[in-house]
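Novice: The lines below spell out each chain.
Number of protein chains: 2
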Amino acid sequence: MRATMIHAPRDIRLEQAPDPAVLAPTDAVVRVVRSCICGSDLWPYRGVNPTDEPHPIGHEYVGVVEKVGSDVATVSVGQFVVGGFTYSDNTCEICREGMHSACEQVGYYGSPDRQGRPVGGCQAELLRVPLADGTLVATPERPSEELLPSLLTLSDVMATGWHAAVSAGVRDGGTVAVVGDGAVGLCAVLAARELGASRIIAMSRHASRQEVARAFGATDVVEERGDEGAERVRELTGGHGAHHVLECVGTKDSMAQAFASARPGGQVGFVGVPHGGEAPMERMFRKNVSLAGGMAPVRRYLPDLLGRVLSGAIDPGRVFDLTLPLDQVAEGYRAMDERRAIKVLLEP
Amino acid sequence: MRATMIHAPRDIRLEQAPDPAVLAPTDAVVRVVRSCICGSDLWPYRGVNPTDEPHPIGHEYVGVVEKVGSDVATVSVGQFVVGGFTYSDNTCEICREGMHSACEQVGYYGSPDRQGRPVGGCQAELLRVPLADGTLVATPERPSEELLPSLLTLSDVMATGWHAAVSAGVRDGGTVAVVGDGAVGLCAVLAARELGASRIIAMSRHASRQEVARAFGATDVVEERGDEGAERVRELTGGHGAHHVLECVGTKDSMAQAFASARPGGQVGFVGVPHGGEAPMERMFRKNVSLAGGMAPVRRYLPDLLGRVLSGAIDPGRVFDLTLPLDQVAEGYRAMDERRAIKVLLEP
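As given, the protein sequences belong to chains F and Z, one line each in that order. Residue numbers 1 to 348, in the working numbering, belong to the letters of the first sequence in order. Residue numbers 1001 to 1348, in the working numbering, belong to the letters of the second sequence in order.
By construction, these hints were calculated from the structure, which means they are not laboratory data. Cβ coordinates follow ideal geometry from the N, Cα and C atoms, glycine included. It cannot be assumed that every hint is accurate.
Claimed, not checked - What follows is a list of derived Cβ distance ranges for each label pair:
hint	chain 1	residue 1	chain 2	residue 2	range
1	Z	H1275	F	R225	48 to 58 Å
2	F	T91	Z	E1228	29 to 39 Å
3	F	G116	Z	R1340	50 to 60 Å
Unchecked claim - Facing chain Z, from chain F, some residues (calculated, C-beta under 7 Å):
hint	residue
4	A102
5	R232
6	P264
7	A313
Generate coordinates for the entire structure from the input sequences, incorporating the hints supplied.
Specialist: Structure follows, in structure tokens:
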């Protein structure tokens, strides 16, 4: 099969690789129907995170089950499935508490499993999915082509935006500010709408992203950044700041902007992988601003979000604004790196 | 009247001061029936916080209303009242959302009000209480002498321990670890019990404090500190750590111990004034450990906690293990500084 490898910063190659096999009785092998490139894939692409040796990359996928191990009970060959960006057993104490991304057996695509057996990346034709029962959710039937982009977002960005909103405690009537207008930030806008926010302020200075944000439910757009942006948020929220701030970037500046935009008693939900941001302890203490979030427990949200996509309630697939065949994956990385695309969908 | 002043680190003096007067129509003047010394008073006492010039000190009190301004409607002369360690209007948007410690008009005892008028400290015979309607809660009748210590704790430490538990989301069946065995930590144990925790681990190495902790509902005591302490908490909680960790100290070490004791998806509630502690962003992200809390909105909790004390459901006054007359206030500071006393009650 063909699989995407990262060799070094800005060196993405589609290569021939051995077809993955069932290596454990709890495995499935999935034929990838759609994959995509994530904002977090840009951290190694840009050299912010080191790449010590070439390895497979990509962690978002929808596909069709091609093989299952003898212990797999909840999905079967031929079913269309969605899985999150981590795999998990869905049975341990931590999973039962809803925190699948910290499952006792959690693992990541593109790195060996705990027994040292290979697990590939998702920007590939085939994928070994360990702990298939705990990871995959099947759709009732094969979904239509038009639904594939939205289903694919459930693998990461929509579930991650949802986690930002849940972590920030978004509820009926609250005011929300979203820091970050990447795919996760836009999905966070959609999540805030679904969770009943009365006012949703998208912080974005890109016309095309603003448009998606408004389509997803943003009531206001703030183009300013930093303290100036936070000041605008305060103006829009009666002088106090937003009840719920969704931090969807992970940089030092975005984290500072998020805290500055939160009102006393406000909640910051953060889902951008931290890269230098800090929690301002004194402001948090003085103003009772909280910080919650982290790596999204996608599996917890999947059944609910799957229902919302299949019913047409949400259409997060709109975050994809460039579709490329898998053999142009390197161009996909370039387009996202140069911000020519919000998010790139890959077809096999 | 006599009032306690701090002149410099370790220089506490009871001095003659002018009787406070009603300076605004929303003021009350309260005759202090009991006051006390707070762990946070030790920060300036020890020179950790600077004392640039002599100023009144003390922020916890119960008393009897002696005078009221013309706009005061909810308390009247002769009533017994409890007030929190900040004053607030209880009507602004932030108060209505329950975050009175960040009230639009919030103020602190021992510092001038926003108009520059004097507000004394509570370790004194008389106290000017600005925004009396928004700050004071009267008891139905004059409480008995035995209830005074418990009522006094509502002014700060019991409400602050309660806020730690609420901020950490303590609920029925959760496991709780409490970092800090000062008065606030002990009250946090009591709060966790009241909020239904199934297991409450008090982290303490002092026999007398362990005893109070057990009386307040601690099911386990861990004497170890730091990583070793966190390891013991994990052993007691199925290997994962506590669901809810209540950080009641505020130092770098205590904050680290709190985060190390929290399970994936766990919640740290912090109420110790931050002195060098940091939020470990990467661990928070990877394990979805949240941080909430800050300066307690005492006024929000006062009616509920007052009911619990008057009904005998809670007896937080047990945290006082030394009672002194006001003219020995300096000795009270020494006793707490040297950890000869958990908390010192002052009688006029």
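Novice: Decide, hint by hint, whether the structure agrees.
Specialist: Evaluated hints:
1. H1275 of chain Z and R225 of chain F have their C-beta atoms about 31 Å apart, which leaves the hinted 48 to 58 Å range violated.
2. About 31 Å separates the C-beta atoms of T91 of chain F and E1228 of chain Z, a value consistent with the hinted range of 29 to 39 Å.
3. Restraint check, G116 of chain F to R1340 of chain Z: a C-beta distance of roughly 57 Å satisfies the suggested window 50 to 60 Å.
4. Hint on A102 of chain F holds. Least Cβ distance to chain Z is approximately 3 Å, under the 7 Å limit.
5. The closest approach between the C-beta of R232 of chain F and any C-beta of chain Z is roughly 19 Å, which is over the 7 Å cut-off, so the hint fails.
6. This hint holds: P264 of chain F has a C-beta 3 Å from the nearest C-beta of chain Z, less than the 7 Å allowed.
7. Annotation: interface hint on A313 of chain F violated; nearest CB of chain Z at approximately 26 Å, more than 7 Å.
Comparing the model with each earlier hint shows violations of hints 1, 5, 7; every other hint is respected.
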